[in-house]
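Peer 1: First to last, the sequence lines map onto chains C and L. Counting from 1, position 31 in the first sequence corresponds to residue 31 in our numbering; the numbering is continuous, with no gaps. Counting from 1, position 274 in the second sequence corresponds to residue 445 in our numbering; the numbering is continuous, with no gaps.
Check each hint, because a few of them may be wrong.
What the hints assert, rightly or not - With a straight-line Cα cutoff of 35 Å, these simulated DSBU-like cross-link-like pairs (lysine-lysine) come out:
#, chain 1, residue 1, chain 2, residue 2
1, L, Lys322, L, Lys230
2, L, Lys256, L, Lys430
3, L, Lys389, L, Lys277
4, L, Lys230, L, Lys270
5, L, Lys181, C, Lys105
6, L, Lys230, L, Lys181
7, C, Lys166, L, Lys181
8, L, Lys423, L, Lys204
9, L, Lys181, L, Lys322
10, L, Lys230, L, Lys430
11, L, Lys256, C, Lys166
12, L, Lys181, C, Lys100
To be clear, the hints were calculated from the coordinates, so they are not data collected in a lab. All of these numbers come straight from a predicted model, not from anything done at the bench.
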Amino acid sequence: MTPRLLHHVDAIARVLVPALLGIVLVIVSTIPFHIPWFGPVTPNFVLIAIFFWGVHRIYFFSNITVFFIGLLLDILVGTPPGLNAIVLVLVRNIAVSQAKVFRGKPFLVLWLGFGLISFVTGAVIWALNAIYHMTLVDPLPIVFQMAMTFTVFPLLAWLFARTQRKLFQQT
Amino acid sequence: MALLISAPLKALVQRFSFLFLILAAFGIMLLSKTETLVVEKFSTVVVDVFSPIMDVISKPAATINHAARTFQELANLREDNIRLKRENERLLLWQETAKRLKSENKILQSLLQFTPTPKRQFITARVIADSGGAFVRSIIVNTGKRNGVRKGQAAVTGVGLAGRVVAVGHRSARVLLVTDINSRVPVLVETTRDRAILSGDNSSMPRLTFLPTNSTAKAGHRIVTSGHGGVFPAGLQVGFIVDGSNGIMRVKPNVSFQKLEYIRLVDSAVIAPFESRSSVKGLPKKAAQQ
């Protein structure tokens, strides 16, 4: 392959890979697992991905990719369209701005940082839902969902770290 | 050199895109409140595009669930057998009563020249997506307009009402479950015949609202659809009353929402007799057999 062609392939891959990863995670979030009580508290896999890559590869997910992933999540899950788009774009930008704080620190710091982010995210999702439905919705489901998301974070982070090593071997 | 320029430029674009996208997302949220139809149409197309993928991906998950359930059933084989034998004895007695009542009902109906409710037609659909959101209770099924699914159809399982079709694509449809915060179902308390509204609030047990103040309905009474408003067929089992906190009456639905795999979409008895069912002709054999 000529260097020019390689450059094109690289540019396309840089857009496609994050988008595809996002789509896969969104679809995984909608699989009916039929585990009692799992439905309403499916961990927010997309949130983990956006945070993780936001810290480790700030240009992996662009704002526009994150926006569309959020919108797709809203549409497939049935949440008010735009809600997850707002939340995920916010989380991506927080993660990117704090990337220096987390990089090179022990994993526990990253995990706790994510815990804080997921707590804030949960509050924002709850508030947006309450405004959208014009009623005080029960916050318990989102507390559970964020607790689940926080719990599965190490597993997904490990998977993403492996993927990252594979993807960016040459760079 | 190119790298030196592109990095700050990228940062600038990202910063502006951040503000623009946040505003755009708020705009879409607002639009979905005011221009419901436009947003719904767009969402339906997107769900339609992704439904074949979700259909394929949900199959292995369903197989795993089946395997897990089989294992569970094997473990409970002995107890189940004893329980079912007892139940069978009891049901045989009921069968006798039912037969007697059926013939009696037939005679009485002919005496009164009663017009029977038309038989309902239904479409069976497989659940391909569950809502993973904390504040939404809906599912996506793998049948759509091409199978004759229409907006407003009631979604039922063998044990009762699950929800209603709120959006229909070409090959997929979204069903809003009765537990969702946006769900309102006109119901009747079976024994007292009091009308009420079953209002979902995202909890597993929807509230019973607008019940007359002099109603004698109490915990344990069964709830059925009233058929008022013409959306739901009358007489579908929904669940039974349980006492909630603060004196609020709640209904425990018969349907186990976590185990939904297949559901049937039924027309309202009011609409069915007048409407041509030609659209159902295109129903694939598989769906018709289920």
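Peer 1: Kindly indicate which numbered hints from before are broken by the structure, ordering the numbers from low to high.
Peer 2: 4, 6, 9 and 11
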